[in-house]
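Chemist: Chains A and B, in that order, are what the protein sequence lines are. Residue numbers for the first sequence follow the numbering used here, so the first one is 1 and each next one is one higher. Residue numbers for the second sequence follow the numbering used here, so the first one is 77 and each next one is one higher.
It is possible that part of the hints are untrue.
[Claimed, not checked] Straight-line alpha carbon distances no greater than 20 angstroms define the calculated SDA-like cross-link-like pairs of lysine to any residue that follow:
id	chain 1	residue 1	chain 2	residue 2
1	A	K36	B	M165
2	A	K53	A	G15
3	B	K140	A	V75
4	B	K140	A	R47
5	B	K140	A	Q70
6	B	K154	A	D31
7	B	K154	B	A183
8	A	K53	B	E156
9	A	K53	A	G28
10	B	K99	B	A86
11	B	K99	A	Q70
12	B	K99	A	K53
13	B	K140	A	H67
14	B	K140	B	T81
15	B	K154	B	H119
16	A	K53	B	E166
17	B	K179	B	K140
18	A	K53	A	V75
19	B	K99	A	A68
[Unchecked claim] Far from chain A by the CB rule (all over 12 angstroms, computed), these chain B residues:
id	residue
20	N92
21	G108
22	D132
23	A134
Everything labelled a hint here was simulated from the structure, so no lab data went into it. Every residue, glycine too, gets a C-beta built ideally from N, C-alpha and C.
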Amino acid sequence: MPMAADEIAGLIKAGIPDATVEITDLAGDGDHYAAKVVSESFRGIPRVRQHQKVYEALGGRMGGVLHALQLTTAVP
Amino acid sequence: MTDDTQARIAEAVNGNEVLLFMKGSPLFPQCGFSSRAVAILDHLGVEYGSVDVLQDQAIRQGIKQFSDWPTIPQLYVKGEFVGGSDIMMEMYETGELAELMQKSGVAQKAA
Chain A
1 MPMAADEIAG LIKAGIPDAT VEITDLAGDG DHYAAKVVSE SFRGIPRVRQ HQKVYEALGG
61 RMGGVLHALQ LTTAVP
Chain B
77 MTDDTQARIA EAVNGNEVLL FMKGSPLFPQ CGFSSRAVAI LDHLGVEYGS VDVLQDQAIR
137 QGIKQFSDWP TIPQLYVKGE FVGGSDIMME MYETGELAEL MQKSGVAQKA A
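Looking at chain B on its own, in the form it has when it is part of the complex (with noise of 0.2 angstroms):
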């Protein structure tokens, strides 16, 4: 991975409260994990943006380094990464997810 692209997906998740990397667009997820991972955070309410890995070869592989976490939906709350689609369905199940959105204060959509 070069620097570049470690500075592009720092960049990315410093610049985001919720950023979600994934496989296709929120309206259009092109694999079943990332389309959970989008459920969850839609049932969620909260704001969040999102990185299209298909579309970045250098992201698709450099975030699996920058994580240290080999697949891909993954999910970054205030810059720091909360895991993929199983914890976040683990989490959302507890309440765990949206206790956590709370407490970093991230912002609801609005209705």
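Chain A on its own, in the form it takes in the complex (with noise of 0.2 angstroms):
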């Protein structure tokens, strides 16, 4: 089942309070999305650590029912 774009940046601004989420419609087919976050909080971790704390917020949802996020992350 494909996501709705707004649920991605919910769950993602759940998870990292004071980011901001851009969520890009990458095929307009609710299934490949691009999603560039900026948060404070990535200030000074590497950008796999980065990625890694979107994947947590997302809760196991990447990779599976969202298979085609291209993300991008950084420090404002």
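Bring the two chains, given one by one in their own frames, into a single complex with the hints.
Modeler: Shown next as structure tokens:
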């Protein structure tokens, strides 16, 4: 079952409260998204950990229901 | 995940300077993200090994726990987990990946 963009953004914000989340539906099929997540909590941690924090917020959906999420993380 | 799978993954990771866990093979990637990862490594011109997770369900599941990373491809350099295809792309574009390969003393492919 594909996920709605709002749902993805909601989960990320719930897990990383200060995050600014921008979701783009890449293919218009509700299944291939790009997410840009900006959070102060990313400062000073490696990119791998930044992405892991987002995956944690998505609670195991990444790689499962959400198979195509192109992720970019940044510090404000 | 069984200890056996864990051990097999560790052995593969430690036995290759650069190792890509992917879907398909470098010649025939079976997914767009794996294809992108292969293209980046080819551009960098480094020697790398690959593991086709589609050929082994135990590794396909086990690698996700091994790395604490939910998706494939996954890149390891000198035993360290670097990230998936998005991180590879970001690091490639900024030159960080070439720098990492250089600093790690990774072998270049013969021209």
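Chemist: For this structure, which hints from the list above don't hold up?
Modeler: 3, 6, 9, 12, 17, 21
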